[in-house]
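Peer 1: Chains A and B supply the protein sequences, listed in that same order.
Read left to right, the first sequence gives residues 1287 to 1693 (our numbering).
Read left to right, the second sequence gives residues 18 to 530 (our numbering).
Keep in mind that the hints were calculated from the coordinates and are not lab data.
No false leads were slipped in.
Straight-line alpha carbon distances no greater than 27 Å define the calculated BS3-like cross-link-like pairs of lysine-lysine that follow: (1) A:Lys-1586 to B:Lys-124; (2) A:Lys-1341 to A:Lys-1327; (3) A:Lys-1533 to B:Lys-384; (4) A:Lys-1327 to A:Lys-1426; (5) A:Lys-1533 to A:Lys-1426; (6) A:Lys-1586 to A:Lys-1341.
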Amino acid sequence: MTAAPVLIASLAVASVVAPGCARPDRDETVVLWHSYTGAEKDALVEALQQLNAAKTLPPVELVAVPYDVFADKITNAIPNGNGPDLMIFAHDRIGDWHRAHLIEPIEYFVDEALADRFAREAVAAMAYDGSLFGLPLAVKSVALFYRTDLIDVPPTTTDEMVALGRARTNRRAGAYGLVYDNVDLYGHAPWLHGFGGKVFADDGSLTIATAEAEAALSFARQLASADGIVPPESSGTMIATLFNEGKVAMAISGPWFLADIRDQVPWSVTTLPVVSDTGRPAAPFLGAEGVLMSARARDKARAFQVMAAMTSDASAVLRARRARQVVPNRAAHEVEDLRADPVMAAFRRQLERAVVMPATPAMRLVWTPYKTALQRVIERGEDPSAALAATQREVQSYLRHAGEAAR
Amino acid sequence: MTPRYVRAYGLAVSAALIVAAAAFVRYRNQSFEHRELERARVAVSAVATGSTPLGHTVAWGVVAPPEATPRYPFLPRRRLASGRVLGGPSAAPGDKLLYDAAARTEKSGPFIEFADDLVIATARCASGTAVAVSRPPAGPEPVPYLVLIGLVGLGAAIAAAGARRGGNAASAGLVVGAGGLAIPAAVWSGPIAAGLVMSAVVSVAWAEQRGWLDRAGAALVRNRVAYSYMAPAGAAMLLLVAVPFAMGLVLGFYDHHAGTWRFVGLRNFIDILSGGGHSFADPLNFWFTLGVTVAWTGLNVALHVAIGVALALVLRQPWLRLRGVYRTLLIVPWAIPNYITALIWAGMFQREYGAVNLLLGHLGLDKVSWFSSWATAFAANVTTNTWLGFPFMMVVALGALESIPRDMYEAAEVDGARAWQRLRYITLPHLAPALLPAIALGSIWTFNMFNVIYLVSDGRPGGSTDILVTEAYRWAFERGERYGMAAAYATLIFVVLLLWTGFGARLRRGRSE
Chain A
1287 MTAAPVLIAS
1297 LAVASVVAPG
1307 CARPDRDETV
1317 VLWHSYTGAE
1327 KDALVEALQQ
1337 LNAAKTLPPV
1347 ELVAVPYDVF
1357 ADKITNAIPN
1367 GNGPDLMIFA
1377 HDRIGDWHRA
1387 HLIEPIEYFV
1397 DEALADRFAR
1407 EAVAAMAYDG
1417 SLFGLPLAVK
1427 SVALFYRTDL
1437 IDVPPTTTDE
1447 MVALGRARTN
1457 RRAGAYGLVY
1467 DNVDLYGHAP
1477 WLHGFGGKVF
1487 ADDGSLTIAT
1497 AEAEAALSFA
1507 RQLASADGIV
1517 PPESSGTMIA
1527 TLFNEGKVAM
1537 AISGPWFLAD
1547 IRDQVPWSVT
1557 TLPVVSDTGR
1567 PAAPFLGAEG
1577 VLMSARARDK
1587 ARAFQVMAAM
1597 TSDASAVLRA
1607 RRARQVVPNR
1617 AAHEVEDLRA
1627 DPVMAAFRRQ
1637 LERAVVMPAT
1647 PAMRLVWTPY
1657 KTALQRVIER
1667 GEDPSAALAA
1677 TQREVQSYLR
1687 HAGEAAR
Chain B
18 MTPRYVRAYG
28 LAVSAALIVA
38 AAAFVRYRNQ
48 SFEHRELERA
58 RVAVSAVATG
68 STPLGHTVAW
78 GVVAPPEATP
88 RYPFLPRRRL
98 ASGRVLGGPS
108 AAPGDKLLYD
118 AAARTEKSGP
128 FIEFADDLVI
138 ATARCASGTA
148 VAVSRPPAGP
158 EPVPYLVLIG
168 LVGLGAAIAA
178 AGARRGGNAA
188 SAGLVVGAGG
198 LAIPAAVWSG
208 PIAAGLVMSA
218 VVSVAWAEQR
228 GWLDRAGAAL
238 VRNRVAYSYM
248 APAGAAMLLL
258 VAVPFAMGLV
268 LGFYDHHAGT
278 WRFVGLRNFI
288 DILSGGGHSF
298 ADPLNFWFTL
308 GVTVAWTGLN
318 VALHVAIGVA
328 LALVLRQPWL
338 RLRGVYRTLL
348 IVPWAIPNYI
358 TALIWAGMFQ
368 REYGAVNLLL
378 GHLGLDKVSW
388 FSSWATAFAA
398 NVTTNTWLGF
408 PFMMVVALGA
418 LESIPRDMYE
428 AAEVDGARAW
438 QRLRYITLPH
448 LAPALLPAIA
458 LGSIWTFNMF
468 NVIYLVSDGR
478 PGGSTDILVT
488 EAYRWAFERG
498 ERYGMAAAYA
508 TLIFVVLLLW
518 TGFGARLRRG
528 RSE
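With the rest of the complex left out, here is chain A:
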């Protein structure tokens, strides 16, 4: 399938979901909050301009809200009636926002045909407690970036990764094999899942202190130890600096890293390796970004028309081309130039080996205590089982409180 039929198909969908809307006035405007910047913002604006120009949809008013205050603004504005009709945000707040009655379930409007537009995990990430709360715009996970001038063939197993990394590591010269955000659960998650660990079991019980999680933590400690391949205190901007200066051969990061790589750096990206000890692939967290509807949206049917059009295949192809977003639309994966793009292909393959980040409110209690365990073990060399047990106890105490309060 080429771009043209996709476009026609999505226009057909748009015309079905969007009955005529002749004279747009202020009251008919759908207000959309987003925190996109740079290329992602440009692509969003362009996609909406096309939709607005087609006159088949209600006009959309875009409001840019900085990412770091986005969640707070939503929790304050929507109950007071000053909030948007639609908002673009990561899926992991859905549980919280649903419980606070801030977002609207939309499964009423969505049928299987519409859901089939997207990769299954992406639309599943937008669901919570048996309801659907959004349509996915982009999916994000980390993958393995490597410098092609330092590494010819990327590793497919962790043993290969460590061997390749050792060859590049020279601590005196400040050169290392691999860099990733190792004292953060998001960065550590690929190993956790690769060793068979989980944060929550399927029944929702907490499984932080397990043998699998200990093995993953020991592995991470080994990577960062004195004869390891990961530099100490490697996070945030450091990752890009080391990679750009050629002081590190491999970096684990997400699509946002593309903007940080300098032009003259020879690089490529591929999927994370298989964990040699278990034979399972290292599986990062999958985060889905979607458009959600406010529980106070003024006209829900009209707001949904915009949601459906924004996530159409044509819009997805445009966003993928302009902003290199990894879009969840199945049809977009078939478009020639997008399929040929090695970066998009690598991230798409990685997404097949990713674990959807839990959208439960309980998950939000895990990040900081887990970070403590990672710091204790990786930076201070403490015993993984004691550190994980302490983290499990801490999270358990917060969950116990949540349970008592809910009763």
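Position chain B against the provided structure of chain A, taking the given hints into account.
Peer 2: Just chain B now, kept in the frame of chain A:
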């Protein structure tokens, strides 16, 4: 009726009116809610038995049990028992209320509640879930202005009659006249509202009889200029300091979870002060954090004072050239917003590229992972805050040094005092009165120096360099929005600082005696 009694009656009746109005609003909302929920209940039971609901029901129906969509468990299809399908990409939005209400009932049982200007009621029945959506015909009852105006007028007449006879009859007239509002308050909201009305009226009458109103009024008139100047600042203090402070105190006795507040008494404080089941060596234990905070404050203030006073003494030397330039340069750290300084220092302590480690490297030393152990992380924090804090102490010391009379030094020199003796017996005793308040202030700032801790070490490693105020932040924003715990922490911080300033004030008094 003399102006005195007009004033007293006005005051009493205003207080009574406020209570009565609040009682009415509460009564009105409750009765409205009760009536409409009851109507919705009747409507939904009608729907459940298959009859047409009466009244203001705008949408209703029995929603059949959901049909699962095999591939998407979160996309169940629902239809009315009559066969009409609910939902779909081009469905009318009106059915959405029925669909969502049925979905919620299947998950967590039947409910009746307001949703904006609608009332939604659901009930389980044989063929599925009955849903009735009603639109209440009109809003709640209007305020009974005529009743209130009549009562106020009648009360004024009674109060005037009492005032004409004077003495106790005047007070009795006031109480009976303004207290008449207790009757509707009792009808609307029960004995508590009536009691509030009566106690407001009686206290005004009491104050009037004791002459307090006269005195307060006279003072207000006499000092009206002063009060009018104070009013804006007073209002601002009330709004920006007193109200948030009182709210903070109260919130410490509540527990917050997912948007709902629950009174828990002293539990937050007990949890905190008992260490929450963590050992004393665990950074999550309050006493550990308090110890770190005290060490942090003590060390910082000591360094601020020592460096500040030393620099002030040097800057005061007559042989020093370009004094103004140095003085300006030394004040710069204080003039830059402290979070910017904190971010710069955080970067300088970075392991791979940080300036501090590069410097150590040039000296032939190994790189230090500053935030991997408590001592080095704490040292990094202290260094940053010392950089931020010494200019204040230096400025205070410079000012105090200027005020020491020169002739004391001359007299001391004539008596043969050496430089050390002059410092010990003249300079330092004269510095102390100026420095002690600065130390008190500096220790409060340092005790609550959120920016440095959060931006430099961020509690690393493992929360062990957190101080009380960052710990309060983490309770509020990183541990499930436990605002009650955060407020309790803030109260404890306040108590600690109150004790400390009380102790400091005693220290100062002791010195001056």
